[in-house]
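Chemist: Sequence:
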Amino acid sequence: MNQKDVWKKYITAQSKILEHKSRPIGIDTTKSVQLNGLKLYLSIDQEIFKQVFKKEVEHIFNVQNFDFESGYIQTSVASTTNITFERLSKLKELAEICYIDFNENPVIEGTITGQENNSKEELKNIIGELPTSYHFKNSGLIFLTLDEWNRARQIQGLKFNKKIGAVFSIKPSLSFLISTFYRNIEIAQQGNKITVEGELHQNVYQVFEKHFGLAKRGNELTFTFENKDVLKRRIDELESKGITLPQPKENCLHFNYDSKFYEQHESDLGFEAFRLKRALKKYFPDNPFVFYYKTEYAFDFRKLDKGIDELERNEDVFWNRFFSEIHGDEFQVSQTHRTISFDFETESNLIEKLNYIKSFSFFDIYDRGDSHKFKFNIRFETGLHELQSNLKKEFPNLNTKLIANGEKLIFRQFYQTGNKTEILARLNNQLSDFIDSESFIYTINDTFQEKYLCEENFELKVEQEQDKLSKLLREEFYFGNPKEKYYLGKLQKVDYPDLYFVVDEDRIEEVKENISEEKVKAIFPDLKGEKDKIKRLEDTVLKLDDEKTKLPNDNAKIFLYDSSKAKIIENIDYLLNKTSAEWQDFENNLFSKSLNESQRQAIFKSLYADELALIQGPPGTGKSTAIAEIIWQHIRKEPKQKILLTSETNLAVDNAIDRLKNGQNNVVKPIRFGNTDNLESEGYFFSLGAIENWQKSNSNESNTVSHWVSNIANRVEYQEDELINSALDKWKTHLQKPNYETKKLFAEKYLEYVNLIGATGSSIGKLNSENKWTSFFRSYLNVFEKKHFENKNYDVLNRTKISFDTVIMDEASKATPPELALPVLFGKKSIIVGDHRQLPPMIDGEEIKDLLMSIGEKALAKTLSHKEFEISQFERLFKNIDESIKGTFDTQYRMHPAINEAISQFYKDDGGLKCGLPLEETYHNSFDEWDSRYHGLQYKNILTPETHTIWVNVTTPEIQEGTSRVNFGEIESIDNILTVLNNSKGKNEFDQWLSNKSLEEKQIGLISFYGKQIHYINKMLKEKHSEVPIRLSTVDRFQGMERNIIIVSMVRSNKLASFQGQQPDEIYGELGYPLQESLGFAESPNRLNVALSRARRLLIVVGNSEHFCRKDIYKNVFETIQQKGKIISAEELQNAVDQNG
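Residue 280 in full-length UniProt numbering is what sits at position 280 of the sequence shown, and the numbering runs on without skipping anything.
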């Protein structure tokens, strides 16, 4: 397959996935669509999955009107012999998509019941009818008030789980919402009263007046005097003369004026402030004062919910604050459900935690007081829990499940067709001998037919559908069909099967008319942003193939396919000589003096490259610092050039630009393109929106232009001439508090000399999917064609082409070929930064291929597995490009040296990877030094503070589930590892150090190569380690992140089991299971490199060493850990936990 075909396949795959995401979602038409204010609610049709599976069951098993209620498919033995195992395997694949628990093997099943228990009737007497929900029947989940709980606790034979769950709905407080319009504002809220230092800008006030009924109540004017003793003495003197002033508080005088005062006296704040200043200067001529004021507002509580919906502020800042300040061990925040939850054991514990969360001012909770219901898990004591535990130990192949709150135990024994009689007799004998017939009654539900397990996995359906739909939050939805669509609203919340939308206020009448005239049977997301991106990628490929299209550098049409055709630096040996004038000039004008030699050489080459330079930046090697230096050096040589800095993530762009901010100069004048609502504070600082807000308001909100003004003011140097100094002093004072005209002047001059644009790669382009100007192009015109843009000279504007002197692209190895090419087409010269030893584009991930398989694109999924797609475009370019125009960073500053040793073999062909952290510093017993990688954890013979790499050797078999894999033995080991970490000596000190760190610092990173393994790990975490802050993800989604502690689950094994709990059988020889030789997704060393290189202080690998050591590069990792760290078996780990807890 040639390169052009490969490029097109990437776009085809993305188009097919977008097409799938845009598919209609069936709506439950038995429930009406509810519209309440601007909120719209509807429910998804939950039966659709069962209906799809039912149709296939009836076809394969030749049965009519199959009913899911029984939980089994029943058919004659004769019919079963006609069904091939291949058809049953395909049915199992469909079952997984439809959230059905189905097994290809028939089953013998039965039930066990225990002693009679009257506790159920007593509970009914307290709360009325018991719930009939799935969760109550399977896990005993019940919602009770505290009063009901206290009464129910007295019931004999009813057992409550020790932990109780509290869940409260949350919403942003009004003071927080106001603060999002400012970067720095002093604001307080008490009840429906808001107090602001200064006052709200008129535009902001009008917004909150409209949506929340905000009204001014008055002002408090404060004068802070230099000397409080003089102030007090002088007030007494004035009083004796009949002049009354307020009594001072410390060295302050406070004057309060409410709205009525202003009305009655036909006055305003400005006049009263002027009057008081003049009077106080007269009364206190020798006691200088500083003046400031506060404004008090009140809002209408009744308008709060509706107002929040109408306001439609970007909530990322709100949720980021939640996750950084509150979410963690004790409190869990759900953005999807818009709730905060925590566990408690006593009422006093509940009150303490409630008071704590109510102490935060940026959000409000909905507390129903005495009628608030909490989550309890109950079970009726029948003895079946203990029996189930004993059965698992005695008969590991027997599948058991407790239902009806512990009143019934289901058991299942799967078998191969043909040996039912033997299995049935053996099972009967085993249960008869093991079960006490006086305490329990067991029944085997035997029939002459074959039975196949077939029941809905409701819990999994809710979890995965919730996750899938949550990815569409804030997308606009429509109903009807794409050609004749009716607006519905923006998805705000998912609580499967219920969906909650917010309707645009300007379109509310349209929605009312739509839902009254048309029945909502199915809905679909608009996904315009993703459509725009695919349009731009398609345009990129067309431009490369079109000889008539002229690019800023037409040679890009050649070197993007074959980098050996890029112009080389002829005199590179001379230039790199430390004595050359060019190198001396470079060294003498470095922006960052801390750059190492490999960084300096790569940056220097990029500076003298004519049209293309490539830089390989392995994990933790300081790419952001280096990119900032590249920008600095280019603009230092040519200040008027235009540079575009781009990456697929906002963070990478913002990090590099932010590093250029300094207090000495503004040679680099950046502007950040993008929706200001989606920018973090680092990016917003450089945005056009921030400049406009600063220019138009009285705000002192910092931005890139105000920073330039401050730098100029700070560089004022006083002379010996008093008159000159007086003028300079006035100039400096004016710059520190510029008026509108000054702001406007500096903003215009700054935009005139802008030389750096930051933007995400997917946003770059002129036209969107509707052939209208993109927001990127509008911003481009606003900066580089400002006069024509303001005057709306469309003839000129439409002919304008996007062009930059230099394009710098970060994280390029993660980009598909068209994504990499897209920004390059707009540059005369391109500098591309990536790392081909890490992951190729996401299109190669398990999740993408699984999705393509599930939507019927098996051929495309298979194509993406070809070798051509395992290599990123960055790697193709890097391997072919001339040495004179490429460089590699060889020193990392993230990982402890022992972890660095484990991953350095991935970079042997690139000259190796060194650790830049001083060896003696990384081992000292302190958390505070920047270069320390100390963790301080100690647990028996498993872990010491000196251990930084561990391999836990797990030899259990893997199980295939659909196209994914699971290893339950590894999950048990991860459970034990988390127990070890939690109970380690030194844990309290580690937690204390982490207490004021970010959520990312606190989280343990848990990585695997398979989605199904992630699913089962997540299930284990919820049951056993819900209080531990963990970031759980496939390796494909973890690239770019780092954590102090990383646990990697390798999954693949040299043994393959058919189901969980399958015991070894001698027919398979020494292994006891069928031999399995594939490494699967781990076949690519890039994946393991990414997984291992996320760790800063402690790396723990969980996997089958014998299986992975068959590949040399993995054998090297294992042997390095053996030498520098510790190897322990899963059995050793289990024994240590059992003995010590």
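The hints are simulated quantities; they were obtained by calculation from the structure and are not laboratory data.
Careful: at least some of the hints might be erroneous.
As the list claims (entries may be wrong) - Within a straight-line C-alpha distance of at most 27 Å, the following computed DSS-like cross-link-like pairs (lysine-lysine) qualify:
id, residue 1, residue 2
1, Lys451, Lys468
2, Lys801, Lys772
3, Lys90, Lys393
4, Lys375, Lys772
5, Lys468, Lys1111
6, Lys171, Lys997
7, Lys171, Lys306
8, Lys550, Lys567
9, Lys485, Lys528
10, Lys420, Lys137
11, Lys997, Lys661
12, Lys548, Lys801
13, Lys392, Lys353
14, Lys858, Lys50
15, Lys669, Lys565
16, Lys550, Lys8
17, Lys550, Lys565
18, Lys21, Lys766
19, Lys171, Lys54
20, Lys567, Lys375
21, Lys669, Lys732
22, Lys531, Lys54
23, Lys519, Lys669
24, Lys393, Lys162
25, Lys519, Lys39
26, Lys92, Lys392
27, Lys637, Lys696
28, Lys862, Lys1024
29, Lys531, Lys8
30, Lys1115, Lys408
31, Lys766, Lys858
32, Lys737, Lys282
33, Lys306, Lys249
34, Lys879, Lys353
Stated by the list, open to error - Just the calculated beta-carbon pair ranges, DEER-fashion:
id, residue 1, residue 2, range
35, Lys8, Glu989, 51 to 59 Å
36, Ala727, Val290, 19 to 27 Å
37, Gly218, Arg153, 51 to 59 Å
38, Arg153, Trp930, 30 to 38 Å
39, Asn725, Glu250, 34 to 42 Å
40, Arg153, Lys531, 50 to 58 Å
By construction, the Cβ of each residue, glycine as well, lies at the ideal position given by its N, Cα and C atoms.
Chemist: Which of the listed hints are not met by the structure?
Modeler: Per hint list: 1, 3, 4, 5, 10, 13, 15, 19, 20, 22, 23, 27, 28, 30, 31, 33, 34 and 38 violated.
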